[in-house]
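Chains A and B are the protein sequences, given in the same order. Take 1 as the starting number for the first sequence in my numbering and just add one per residue. Take 1 as the starting number for the second sequence in my numbering and just add one per residue.
Fair warning: there could be bad hints in the mix.
Claimed, not checked - Listing some non-contacts, in silico: residues in chain B with all C-beta distances to chain A over 12 Å:
1) ARG71
2) ARG194
3) ALA204
4) ARG282
5) ARG375
Unchecked claim - Which residues of chain A face chain B? A few of them, derived with a C-beta cut under 7 Å, are:
6) ARG500
7) LEU510
8) GLY513
9) ILE517
10) SER519
11) GLN522
12) SER525
13) PRO608
Said to hold, decoys possible - Here are some chain A residues pointing at chain B (derived, C-beta under 8 Å):
14) GLY419
15) GLN420
16) THR421
17) HIS423
18) ARG427
19) ARG502
20) ALA504
21) PRO505
22) LEU507
23) GLY509
24) TRP514
25) ASN516
26) ARG541
27) VAL602
28) PHE605
Rather than coming from a laboratory, the hints here were simulated on the basis of the structure. Bear in mind that the values here come from a model prediction, so they are computed numbers and not experimental data. Even for Gly, the Cβ is constructed at its ideal location relative to N, Cα and C.
So the chains spell out like this:
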Amino acid sequence: MITKLLVANRGEIARRVMRSAHAMCITCVAVCSDADVGAPHVAEADEVVHLTGNTPAETYLRSDLLVAAARSSGADAVHPGYGFLSEDAAFARACLDAGLVFVGPPPEVIEAMGSKLAAKATMAGAGVPVLPTVRIPHGTGEHEQAAGGVVEGSLDEGGPIEHNLVEADLIRAATELGWPVLVKASAGGGGRGMRVVEQPDELAEAVSSAAREAHSAFGDGTVFLEPYITRPRHVEVQILGDAHGNVVHLFERECSIQRRHQKIVEECPSPALSPELRTEMCTTAVAAAYAIGYVGAGTVEFLLLPDGRFAFLEVNTRLQVEHPVTEMVTGLDLVRLQLLVAEGHALPPEVLNATVRGHAIEVRLYAEDATHSWRPSAGHLHRFSVTGGPDVRVDSGVEDGSDVSPYYDPMVAKVIAHGQTRHEAARTLARVLATAQIHGVTTNRDLLVRILRHPEFLSGDIDTGFLQRHDPAELGRPLATPAVEQVHALAAAVTGQADRRRQAPVLGGLPSGWRNIWSQMQTSSYLGHGDQINIGYRFDRTGRCAAVSVNGARRGDVEVMSCDVDAAVIAVDAVLRHYRVHRVGATTWVDGPDGCSVLAEVPRFPLPGSQLVAGALVAPLPGTVVKVAVSVGDVVSAGDTLIAIEAMKMEHEVRSAVDGTVTEIHVAAGEQVEAGRLLAVVEAQDIGGDEDMAG
Amino acid sequence: MRFSLSSDDGGDRTVHDEKDYHTPPSDRERGPVTMPVLSSSVDPASEVYRQNRLAMEEALVEVNAQLDIARGGGGERYVERHRSRGKFLARERIELLLDPDTPFLELAPLAAWGTEYTVGASLVAGIGVVSGVECLVSANDPTVRGGSTNPFTMRKSSRLADIALENRLPSINLVESGGADLPTQSEIFIPGGRGFRDLTQRSAAGLPTIALVFGNSTAGGAYVPGMSDHIVMIEGRSKVFLGGPPLVKMATGEESDDESLGGAEMHARVSGLADYLATDERDAIRLGRAIVSRLNWRKHGIGPSLRPDEPLFDADELLGIASADLRVPFDPRDVLARVVDGSSFDEFKPLYGPSLVTGWAQVHGYPIGVLANHRGVLFSEESNKATQFIQLANQVDIPLLFLQNTTGYMVGKDYEQRGIIKDGAKMINAVSNSRVPHLTVNIGASYGAGNYGMCGRAYNPRFLFSWPNARSAVMGPAQLAGVLSIVARQSAEARGLPFDEDADAAMRATVEAQIEAESLPLFLTARLYDDGIIDPRDTRTVLGLCLSVIDNNPVHGTRGYGVFRM
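Please model the complete structure; the sequences and the hints are all you need to start from.
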């Protein structure tokens, strides 16, 4: 029996595991890196072991430290969550060697499924359909055509092909698969080491770069080729086995909406499966699980082709990120079942007789900018509030005041909605997301809302190419249109007004902005997504907002019905909307039924220093130059330290105000300078359009 | 006390002597004390209300038209020229200087109305909040003859100086002035010296003076920054010198230029006259705000002591309360019900001397004692009641509010014989020697010695405002004309001359018209006889602001009085 469980993970999955474990009265031990000391999963644990350092390699990937943590805390079991060491056979083995229960399948199973190539071979042997494969042993130059060929158009079975003319043979083999082909890393995952190759002449380079990437990411540069299936769906089957020889499936999940080969929307059931196909796929998955002696929770992933055929992709020997959709439709608690199985129990009857009720959809809320190549966004979450009814579940790793650290996966939460139908679930989820308050980091929320409301998504006719067909920059653009953003800026202005009035040290009880002779409006200016928005407003002697202007133009169609410090009701063309407003420093977040805006208040009195001719850097005070960190021609970013001056025993850094190139340097280290002396010039570089920074 | 319109006629008020206080709702209770709450006799559907409101709205339109002119400064052409130089207007400078969303009470905005000078007297000034501190802010209007000082500018400045000194306010001068309006130098030069003396005396009294110099500040004008504690100048804009290049050339033969004589850079780097060098107007205002934020300013009063509940009745109805016909009295309690906190009023001696209403209330949390004329005339009882009430307020350090609507002290044999002069003198004595701050609002009439007893301008109320319907003069125009007529008739009779009835009628009409014109609020406010005409609906706000301003000093009533004539 498990009495104390070490949760070898962080974020939402650590909280998720502890929730079930706590419900089973199991004591939970969390681990945390330096950056996670204040994280919610730490606060919710009974005991915590601190792992020094921040990077995963120093902390959550340290098998030795985790086993030591389990020992020192007296834990008798380890739950690996997903990611990190969850599919690391050596870690599972280390746990077992240390006398700990490892909540997951046996190490041999993990190992067998760890290599995609080996897994494919095993599955093909068990009669599971797989795609044909061209193996490319890393570093040998030898190309091997593997067993395969269950699906139509697969290559004939054959022995290894001797291959010296690397490129030519590679191309020939690929041509046999049919263009385009997909280069995949055998040890890969999450899209790393994966390349789509359209043209023969791109193949060699794609193979070597994929191998390099795979080697650096997974320590194994083995890559192989598969036919690239256009417009496939990603459908996977949840399986659950016990140590008594039972293996069941808990239906499928469709995860076809992906960005960069990572799922962002998952659902159960799949709209693509007929009852017959469902039975076939699920039965196949169970057969696959039996073939490898599966114990615990796992997932068999398939590609579903437009013609209804399907092919094995891989087995995930762990709890999936998207497991909640299965839980929502079956009413089961997969973590509880994992723990029961780990304790040696047989699968309970509710698992054996599980049915699907309604439809569940999950989205992954990522701290990333979908409109800028999914650029990760880190920072302080000033507010995180996602609220819904009983049909909504929020599995989050964060809460108000959490820091989203740059060290880990940028997923901050999963939001799952259940409905009687797929449409209901999608509608509920879209509304919950659209009304969520997520303040402090950029997320893909608006993209997710647009996907959930997209006719193509709602039709159920989706595939993994959804975000190639539909521009993420378009889907991810703010739900609040520029016109709405102006209304939000007004909400920010009038609530800011209320806040100032409330905090007024004198005359706070008098009407806001009262004048016996009125000459101009009160003004506030904001920067949002678009151009600067200048708001003007006037409150009359009764405290009613009597007039509003936007960018200097009176707006008779807009009326502020009421406003308080953190809320405003504004009517546009006689339609009233409630806005929730949250201010931290000069930043204001406005959440309304028409979207959310982040508005930076433009300071009324810019400091003269900030208005210096961009690029000209002068000594802030007299002193000695102690460091010149750049040379003429260097490309620098705003905020980079260029020169340091020591004065009065203090070192003062002179930083570039702009992104650009250093065009002049007028001082050298050791030189005395007086205040105001020109030190260097940085020529600002024109900011281009939205360049794809991440490639 | 409830007053109701009599049922039979069109609106004469019937006075009821029985008290009829509302029982206040329990949530208005404060501790064991139940505050009496005023009721209202105002019926917005009545003909009287409609007539009153119509007259008041007409008066407001007239005042607002003049305020529009004042707002327009020197007129479109000069405003455009000023703007084209990249400069802010006087009111724009003030608006930028003030804390966002805080109130601003502009003072004497219609100074110089009806004179040869521009309405507003080329100076925009008032009390506002800068960096959380109530300050007296004044700005030259450079669109009016270059912001130069005329005799009315001088009178307005002097009044502002008094306000700053009496109420312990830091002053901020937004300077851009060509100095004295030379053609009127004879009226300005000698008395105008007071302005510079005031500045430094305020400084000596611990009241910081700040000058933000936006442009020219030359000759005599140079002493405005010169006498200030803190000076901000703007690069390339401020010019401060005693004599410009032409004058220097004439005086000494020296060739010079503006910048070397009085440029901002020179003053910041060489003469040291400028404490701060701003890059532009906005930056100068930023520096001005920063200076105030570092004044370590503390108000010396005790702050509002009571919960500032809003009145129970709509302030909008104040437009229909003051009688269109000055001869018809109206109940000041109806005004108080729309001005004082929670419409709560504890009346003092309600049954004695009912022509004057006295009692205790609060406005925006500040306690006040109120003296308000009810039926115009002050009799001996009213005078005695006022005298006692003023003494009571001084005993417990409570400021007084005078709501003027008086035709003066009662005349006639009976009243003279019963000592109306002695009683009136007691009241004037009490008002004169009272040391608690006084606020006066003329809400109707202010005639004769009643103006003195009810703390008119000569009795130094901290602030005095008029409603647009108000009148003030030694007596009513008809009475004054009638008195002249009677005197003339008696003189003719005494000399046995025939009395020219036609000439008398013409004389009476002329005199009536003249006195009427001279008792109008625009005429009076033009001469700084009040601090401004206010919209009746703003009365509570204006009083609240003034009480807060007064609270910069502690309130100490006088404990001794001049000899009361008994």
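Verification of the hints:
1. In this structure B:ARG71 is not separated from chain A by more than 12 Å, as the shortest Cβ-Cβ distance comes to only about 6 Å.
2. No Cβ of chain A comes within 12 Å of the Cβ of B:ARG194; the nearest lies about 27 Å off, and the non-interface call holds.
3. For B:ALA204, the requirement that its beta carbon stay farther than 12 Å from each beta carbon of chain A is met, with the minimum near 25 Å.
4. A cut-off of 12 Å between C-beta atoms contradicts the statement that B:ARG282 is not in contact with chain A; the least separation is 6 Å.
5. Every CB of chain A lies more than 12 Å from the CB of B:ARG375, the least distance being 30 Å, so the non-interface label holds.
6. Satisfaction of the interface hint for A:ARG500 is found here, the shortest Cβ-Cβ separation to chain B being roughly 5 Å, below the 7 Å cut-off.
7. Among the interface hints, the one on A:LEU510 holds; its C-beta lies about 4 Å from the nearest C-beta in chain B, closer than the 7 Å criterion.
8. Evaluation of the A:GLY513 hint against chain B yields a held restraint, the C-beta minimum of about 5 Å falling below 7 Å.
9. Checking A:ILE517 against chain B by beta carbon gives a least distance of about 5 Å; that is within 7 Å, so the hint holds.
10. Residue-level restraint check for A:SER519 holds (minimum Cβ-Cβ distance to chain B is 4 Å; threshold 7 Å).
11. For the restraint placing A:GLN522 at the interface with chain B, the shortest Cβ-Cβ distance is roughly 6 Å, inside the 7 Å limit, so the hint holds.
12. For A:SER525, the shortest C-beta to C-beta distance to chain B is roughly 12 Å, which exceeds 7 Å, and the interface hint is violated.
13. Look at A:PRO608: its Cβ gets to within about 5 Å of chain B, closer than 7 Å, so that hint holds up.
14. This hint is violated: A:GLY419 has a C-beta 46 Å from the nearest C-beta of chain B, more than the 8 Å allowed.
15. Here the hint on A:GLN420 is broken, as its CB sits about 48 Å from the closest CB of chain B, past 8 Å.
16. Of the supplied interface hints, the one on A:THR421 is violated, with its beta-carbon coming no nearer than about 50 Å to a beta-carbon of chain B, more than 8 Å.
17. Below 8 Å, beta-carbon pairs count as interface contacts, and A:HIS423 has none with chain B, the closest being about 47 Å; its hint is therefore violated.
18. With a least beta-carbon distance of about 41 Å to chain B, the hint placing A:ARG427 at the interface is violated under the 8 Å criterion.
19. Of the supplied interface hints, the one on A:ARG502 is violated, with its beta-carbon coming no nearer than about 10 Å to a beta-carbon of chain B, more than 8 Å.
20. Against a cut-off of 8 Å between C-beta atoms, the interface hint on A:ALA504 holds, since the closest Cβ of chain B lies about 6 Å away.
21. Because the closest C-beta pair between A:PRO505 and chain B is about 4 Å apart, less than 8 Å, the hint holds.
22. Given hint, A:LEU507 at the interface with chain B, holds; its Cβ is 5 Å from that chain's nearest Cβ, closer than 8 Å.
23. A hinted interface residue such as A:GLY509 counts as satisfied when its beta carbon comes closer than 8 Å to some beta carbon of chain B; here the least separation is about 5 Å, so the hint holds.
24. For A:TRP514, the suggested interface contact is upheld, since its CB lies about 4 Å from the closest CB of chain B, less than 8 Å.
25. For A:ASN516, the interface hint holds, since its Cβ comes within 8 Å of a Cβ in chain B; the closest pair sits about 5 Å apart.
26. Checking A:ARG541 against chain B: minimum C-beta separation of about 6 Å stays under 8 Å; hint holds.
27. Here the hint on A:VAL602 is broken, as its CB sits about 12 Å from the closest CB of chain B, past 8 Å.
28. At its closest, the beta carbon of A:PHE605 sits 4 Å from a beta carbon of chain B; the interface hint therefore holds under the 8 Å criterion.
Going through the hint list in order, the structure does not satisfy hints 1, 4, 12, 14, 15, 16, 17, 18, 19, 27.
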